[in-house]
Amino acid sequence: MAHINLAQDVPGIRSLVMYRPDTGKPLYELAQILLREDSPLSQAERELIATYVSSRNDCTFCTSSHAAAARYLYKDEAQTVDLVLDDYQNSPISDKLKALLTIAGNVQKDARTVSEENVALARSFGATDRDIHDTVLIAATFCMFNRYVDGLATLTPTDADTYAMMGERMGTLGYIPPKL
Amino acid sequence: MAHINLENDLPGIRGLMAFRPTTAHPLNILAETLLRSDEGLTKGERELIATFVSALNDCFFCQNIHGAVAQYYATEDENLVQKVKADYQNAPISDKMKSLLSIAKNVQQGGKFVNKDQIEKAKKEGASDIEIHDTVLIAAAFCMFNRYVDGLGTFAPNAPEMYQERAKNIAEKTGYANSNPK
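Residue numbers (this note's numbering), protein chains in the order written: chain U, 1 to 180; chain P, 1001 to 1182.
Excised from the complex, chain U in its bound form:
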C-alpha cells in the first residue's frame, strides 16, 4: 500500500505523475531529454547508467524497468545489462563507460566524492565534457526518481513480463506522461 492515496493498480512513477501531473510533466520531460534526446552517449548507455544508479539505491521498480529498457536497446547484447549490474568492471563494456559508471556510483553515494582522478580517468578514455555532464545529471536524477518512487511506497510489480513490456514501450515511445 502506498503512503498516500494513489490510483490503484498503477505502478511506480506513473501513479505519482497521475497524482500530480504538474510536477509529472517536467519530470517526464527531464527523463526524455536525458535518456532519449541529443547526447554523445547512446540511449542504451544512458539507460544503463540509470539502471546502475537505481540498483545501487535498491529501487526495484526503477532498476527493473530501466534494465528492461536497456536490454531492449542493447538488442543482441541484452545480457550486457545483467553483467554490468553483477560486476561492471569485468563486464563487456568500453573502458570509457566503466569510468563513467564509477563517476555515477560516486554521485549516488555522495557527490562530493567525485574526484579529479575519476574525471581524468574518464577523459583518458575519450570522455568529453558532455559525456561527464550527462552522466552526473542522469545519476543525480535517478537519485531523485528512486527516492520519489520508494519514499511514497508505490506499487512495484514483481513479474518479469510486466517489465519487459515496459522496457519495450520505453525503448520505442520514450517518456510520455500518462494520459488522464
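What the hints contain is simulated information worked out from the structure, not anything from laboratory work.
A hint or two may mislead.
[What the hints assert, rightly or not] Sample of chain U residues at the chain P side, in silico, Cβ under 7 Å:
no., residue
1, Thr-23
2, Ala-111
3, Ile-132
4, Thr-141
5, Arg-147
6, Asp-150
7, Gly-151
8, Leu-155
Quick caveat, the model's predicted, so the values are computed rather than measured.
For glycine and all other residues, C-beta sits at the position ideal for the given N, C-alpha and C.
With chain U's structure known, arrange chain P on it following the hints.
Chain P only, in chain U's frame:
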C-alpha cells in the same frame, strides 16, 4: 574549478544551467512548481524542506541560496533557518512541519527509509496527502540538485550577501521559471 569547462564563471547550479539550457528548462519548471506555491505547504515551508535536505547533503551552494529564500519568508524569526538546521525537533516550527522534516530526513537517506509510523504521525499532526507528497518530492528533488551541483565540482562563493540578494530577487521578482542564470 569545476570538473568540466562550463564556459562561464557563474556559481553553483547557475553555471550548469547556462552550460546546458535544454535540461535547465524542466529543472526550473520543477523547482517553480514545487517551491513557489502556497497551496498546502507555504513557500517558506517548502524552502525550509529544500534547505534542510541540502544541509544533510552538505551542499554549500544549495543550502545557502535556499536557506536565504527560506529566511526571507521567515519574517517572525531572523534565525529560523539556523535553528532548523541545528536541531529541527526543538526549533520554533509546527509539529506538522517537524513530522514532515523527519520524513524528508529519511528520504535523504533513501526512499525505503520512510516508514508507516512517520506517515501516520504526520497525518495525525494534520498533514494532507498532497503535503506528504510534496515533502517527499522536494526532498528527492534536492537529492538530485545537490548531486548535480557538487558532482560537477561547481564553485560556491562564501558571501552571505550574494545569496541574500539573489534570494530577494527570486522571492520578489523572478521565481525559478523566469530566473536568468546570469
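U:Arg-147 as an interface hint toward chain P, with CB separation required under 7 Å:
Holds. Min distance 4 Å.
Taking the least C-beta to C-beta distance, is U:Leu-155 closer than 7 Å to chain P?
For U:Leu-155, the interface hint is violated, since the closest Cβ of chain P sits about 14 Å away, which is over 7 Å.
With a cut-off of 7 Å, does the beta carbon of U:Ala-111 approach a beta carbon of chain P closely enough for the hint to hold?
Status holds, d = 4 Å.
Under 7 Å is the threshold here; is the Cβ of U:Thr-141 close enough to any Cβ of chain P for the hint to stand?
Result: holds, 5 Å to nearest chain P Cβ.
Just to be careful: measuring from the Cβ of U:Gly-151 to every Cβ in chain P, is the smallest value less than 7 Å?
Holds: closest Cβ of chain P sits about 4 Å from U:Gly-151, inside 7 Å.
Let me know if the C-beta of U:Thr-23 comes in closer than 7 Å to any C-beta of chain P, holds or violated.
holds, 5 Å
For the hint on U:Asp-150, does the least C-beta distance to chain P fall short of 7 Å?
With a closest approach of 3 Å, the U:Asp-150 hint holds.
With a cut-off of 7 Å, does the beta carbon of U:Ile-132 approach a beta carbon of chain P closely enough for the hint to hold?
holds, 5 Å
Of the numbered hints listed earlier, the single one contradicted by the structure is hint 8.
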